[in-house]
Amino acid sequence: MGKESLMQQIDHPAVNAAIFFPRPATGLPAPRGSEDLTISVGSGVTVAARYHPSDLSVPTVLHFHGNGEIVPDYDTIAPAFHSAGASLVSADYRGYGSSTGSPSVSSLLDDAPVVLDHVIAFLKERGHTGPLVVMGRSMGSAPAIELASTRGGDIAGLIVESGFAQTPPLLTLFGISLESLGLRDLSGMDNEDKMANVRMPLLVLHAAWDVLRPPWNGERIHERAASDEKNLVMIPNADHNTIMALGGSLYQDAIAEFLAMVGKLSLIHI
Numbered sequence: 050m051g052k053e054s055l056m057q058q059i060d061h062p063a064v065n066a067a068i069f070f071p072r073p074a075t076g077l078p079a080p081r082g083s084e085d086l087t088i089s090v091g092s093g094v095t096v097a098a099r100y101h102p103s104d105l106s107v108p109t110v111l112h113f114h115g116n117g118e119i120v121p122d123y124d125t126i127a128p129a130f131h132s133a134g135a136s137l138v139s140a141d142y143r144g145y146g147s148s149t150g151s152p153s154v155s156s157l158l159d160d161a162p163v164v165l166d167h168v169i170a171f172l173k174e175r176g177h178t179g180p181l182v183v184m185g186r187s188m189g190s191a192p193a194i195e196l197a198s199t200r201g202g203d204i205a206g207l208i209v210e211s212g213f214a215q216t217p218p219l220l221t222l223f224g225i226s227l228e229s230l231g232l233r234d235l236s237g238m239d240n241e242d243k244m245a246n247v248r249m250p251l252l253v254l255h256a257a258w259d260v261l262r263p264p265w266n267g268e269r270i271h272e273r274a275a276s277d278e279k280n281l282v283m284i285p286n287a288d289h290n291t292i293m294a295l296g297g298s299l300y301q302d303a304i305a306e307f308l309a310m311v312g313k314l315s316l317i318h319i
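To convert, take the position in the sequence shown, counting from 1, and add 49; that gives this note's numbering.
It is possible that part of the hints are untrue.
Derived pair list, reagent style EDC-like, types lysine to aspartate or glutamate, alpha-carbon separation capped at 16 Å [to be verified]:
(1) Lys279 with Glu241
(2) Lys279 with Glu306
(3) Lys313 with Glu268
Simulated from the structure, these hints should not be mistaken for laboratory data.
Produce the entire structure from the sequences given, and follow the hints as far as they go.
Below, the structure written as structure tokens:
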């Protein structure tokens, strides 16, 4: 597995209280044709996910959302993934939506492979033959990159949207210094370090006016990836929270073209 993740070293109540913004589920049922999943992640704790199926032969995107979002927020976005040529499984974190427990930086990473295993088994049971792509938005880039760097044999592609390359600047954004946590020298692998183990096709989407995760984060994630097939799409005139809305066809087409490419490569490798 290599060195411990840097995020595991900063699991602290002050960090968890500052960076996670869980809220309960809306209480509305899943859209027609969609299905709710309950995934046991251990110690009597479950996380929720929602399955929005498309054709069984197309890719499926396992999506890890941002720290202020929940699975039902993607009910209206799922059709965009269908139009891009994919099924969608959106996953929550502990304490988010219908999930139980409390979120932490450790569980953010530790639960990801459990969620992945559950989704792989579920898709196989449902007869899916298309490849699996992992996508992480903002905070969700951490579990997505963790999976891409450690479970490459199970994943055909990685999409990182508005991700972060380094954890210390992220803590600074939330008003936390390493010194305040009693930490000075961290030796764990950060998101950018893990990209050296990512050899699958990669798409990085980032907003040119993102002040929360400045563009250098997306550039560094793209640069550090060991992927032979990798693309960085910088969305002009958009910020962290408007990248999809203002990205329009540039955002949508980039995902559609990436998924089509991953689908073709998976057929070649069968």
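Checked hints:
The hinted pair formed by Lys279 and Glu241 meets the criterion: a straight-line CA distance of about 15 Å does not exceed 16 Å. For the suggested pair Lys279 and Glu306, the alpha carbons sit about 12 Å apart, so the restraint of at most 16 Å is met. As the CA atoms of Lys313 and Glu268 are separated by approximately 26 Å, the hinted pair breaks the 16 Å bound.
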